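*Asks:* Protein sequence lines correspond, in order, to chains A and B.
In this text, residue positions in the first sequence follow numbering that gives the first Met the number 0: the first is 0, and each later residue adds one.
In this text, residue positions in the second sequence follow numbering that gives the first Met the number 0: the first is 0, and each later residue adds one.
Bear in mind the hints are in silico, worked out from the structure with no lab data behind them.
Any given hint might turn out to be false.
The list cannot tell twin chains apart, which means a pair is met if one copy fits it or any two copies do.
[To be verified] Okay, derived cross-link-like pairs now, BS3-like style, lysine-lysine, Cα gap no bigger than 27 Å in a straight line:
| # | residue 1 | residue 2 |
| --- | --- | --- |
| 1 | K172 | K213 |
| 2 | K104 | K173 |
| 3 | K161 | K221 |
| 4 | K30 | K209 |
| 5 | K161 | K172 |
| 6 | K229 | K30 |
| 7 | K209 | K173 |
| 8 | K172 | K183 |
| 9 | K183 | K128 |
| 10 | K104 | K237 |
The structure presented is a predicted model; accordingly, all values stated were derived computationally and were not measured.
There are 2 protein chains.
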Amino acid sequence: MEEKKSLRPPSNEEFMPHLAYDSVVFGFNGKQLKILVLEYHNTDFFALPGGFVKRDENVDDAVKRGLQERTGLVNIYLEQFHTFGDISRPEPDVMRTILKNNGYKVDSDYWMFDRFVSIGYYALINYEKVNLRPDELSDSINWYPLDGLPNLMMDHHHIVDKALETLRENLDKKLLGMNLLPQKFTMKDLQKVYESVLEEQLLRTTFQRKMLSKDILVRNEKLFGGGAHKAPYLYSFKSQSIEIPMETV
Amino acid sequence: MEEKKSLRPPSNEEFMPHLAYDSVVFGFNGKQLKILVLEYHNTDFFALPGGFVKRDENVDDAVKRGLQERTGLVNIYLEQFHTFGDISRPEPDVMRTILKNNGYKVDSDYWMFDRFVSIGYYALINYEKVNLRPDELSDSINWYPLDGLPNLMMDHHHIVDKALETLRENLDKKLLGMNLLPQKFTMKDLQKVYESVLEEQLLRTTFQRKMLSKDILVRNEKLFGGGAHKAPYLYSFKSQSIEIPMETV
DNA sequence: TATTTATTGTCTCAATTTGTTACAATAACA
DNA sequence: TGTTATTGTAACAAATTGAGACAATAAATA
Chain A
0 MEEKKSLRPP
10 SNEEFMPHLA
20 YDSVVFGFNG
30 KQLKILVLEY
40 HNTDFFALPG
50 GFVKRDENVD
60 DAVKRGLQER
70 TGLVNIYLEQ
80 FHTFGDISRP
90 EPDVMRTILK
100 NNGYKVDSDY
110 WMFDRFVSIG
120 YYALINYEKV
130 NLRPDELSDS
140 INWYPLDGLP
150 NLMMDHHHIV
160 DKALETLREN
170 LDKKLLGMNL
180 LPQKFTMKDL
190 QKVYESVLEE
200 QLLRTTFQRK
210 MLSKDILVRN
220 EKLFGGGAHK
230 APYLYSFKSQ
240 SIEIPMETV
Chain B
0 MEEKKSLRPP
10 SNEEFMPHLA
20 YDSVVFGFNG
30 KQLKILVLEY
40 HNTDFFALPG
50 GFVKRDENVD
60 DAVKRGLQER
70 TGLVNIYLEQ
80 FHTFGDISRP
90 EPDVMRTILK
100 NNGYKVDSDY
110 WMFDRFVSIG
120 YYALINYEKV
130 NLRPDELSDS
140 INWYPLDGLP
150 NLMMDHHHIV
160 DKALETLREN
170 LDKKLLGMNL
180 LPQKFTMKDL
190 QKVYESVLEE
200 QLLRTTFQRK
210 MLSKDILVRN
220 EKLFGGGAHK
230 APYLYSFKSQ
240 SIEIPMETV
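Could you build the full structure based on these sequences and the hints that come with them?
*Replies:* As structure tokens, this is what we get:
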């Protein structure tokens, strides 16, 4: 318990009070759409990766910082989708338990127990490039499929729903598929991304025709070794994904 | 000057610090899309109708309250579209001037000079039903066409752009036209709403066919007295606008 | 009162897009 | 070497959208 070093809790001075963000980080493993969920030490609380905003920091940058620390990626594709501002959302008891079970000693008027307005962002990342690291308060950070999420605390299920809704609306409009795939992929891979996000089956030939007509794909060499059938082409996007692993920066 | 009653400025205690909202209120006069802009007393500052959030109040409700006070309408169609959280956005000097020129005496560390994150909402209202009332700090609140806006302070032009962008994306998806028209209108009126928002001309016959096929309109009696030509039908929406003038509540 | 005018509602046909089926090509496997 | 499953594309049907034509008609005009 000593080693748990009566931790100095984050200070009011450093962060904006009453303001937080929560992020819904989507990844695609080739078959399913998943999101990142973390579990707090010694609790049964599962939560979206979230955090606070420094007093001299853009909100967007606060989110980037949090995701970078947890995934090792910089320049993640990120989009703000909604701000959650109801008074019903804070649950001080939850926060109290998390801090207590992590060995923090704080006063009963500690700033984290106040009301918080949370700005929701979703991120799209390449599942394979991620190097997941739990933060100081969490035991783990892991991928969970959307239809197999643990019980998320507070209004985090609602936040996920809203993120997914926005992602659906933007998928085609903003060509978001690229951010969920490796650099080279087959047409079937791309179709699966669409089907996972939209939760509906698409017609193969129609999908292929539509994608090719958009003039956003480059056709590369063929992919061999995929099975007892004609090999598919590998495609890549003309404008590359903006996501960069941290080592290369 | 005495009558200007060394006003007690709004207190830190009542409102959430660092948190504000700004609203882009769209109205349609039959020809043009306009928005509400207010002008502060004794300054050359024009601004969007905005305000602060009470500590025990949902953010959505704070916006409704502000709009109700200024337009006399309750149940206004309201949609959150983006939260503006850059550190570059606050301009304490502007706020200082506004308060000073309104006769408020405040300390230099007054809470309104802090950094603010602003949540943007747009509203759609029936131009004719509005009963505009400037708030305590403003000389006037008036309609301005989008292509004839005064110089708005801070990042308010950016906020308007983003609101318009979102409105455009939602216009068809959410059948927003109804909120900008009186209860009964001609097909041409509806088309003009669409054209104003989208800033593009639409084909008359195609538009009419599309709207009628949606099964959202009721055809009422004809409108006479409109000119030397065949009279158009008056239409109304099957599901009525949610906007209600305050007197009737 | 008859004629003119501009706009409305609808129809038609062409152009485009989307849905559906068919089929040849082919990499791996038996 | 033939079988198998999947791919890429073509072909055609169905649905949607674009564009023009035209009759109906309320008000203005003669």
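*Asks:* Go through the numbered hints given earlier and state which of them the structure violates, listing their numbers in rising order.
*Replies:* Those not satisfied are hints 2, 3, 10.
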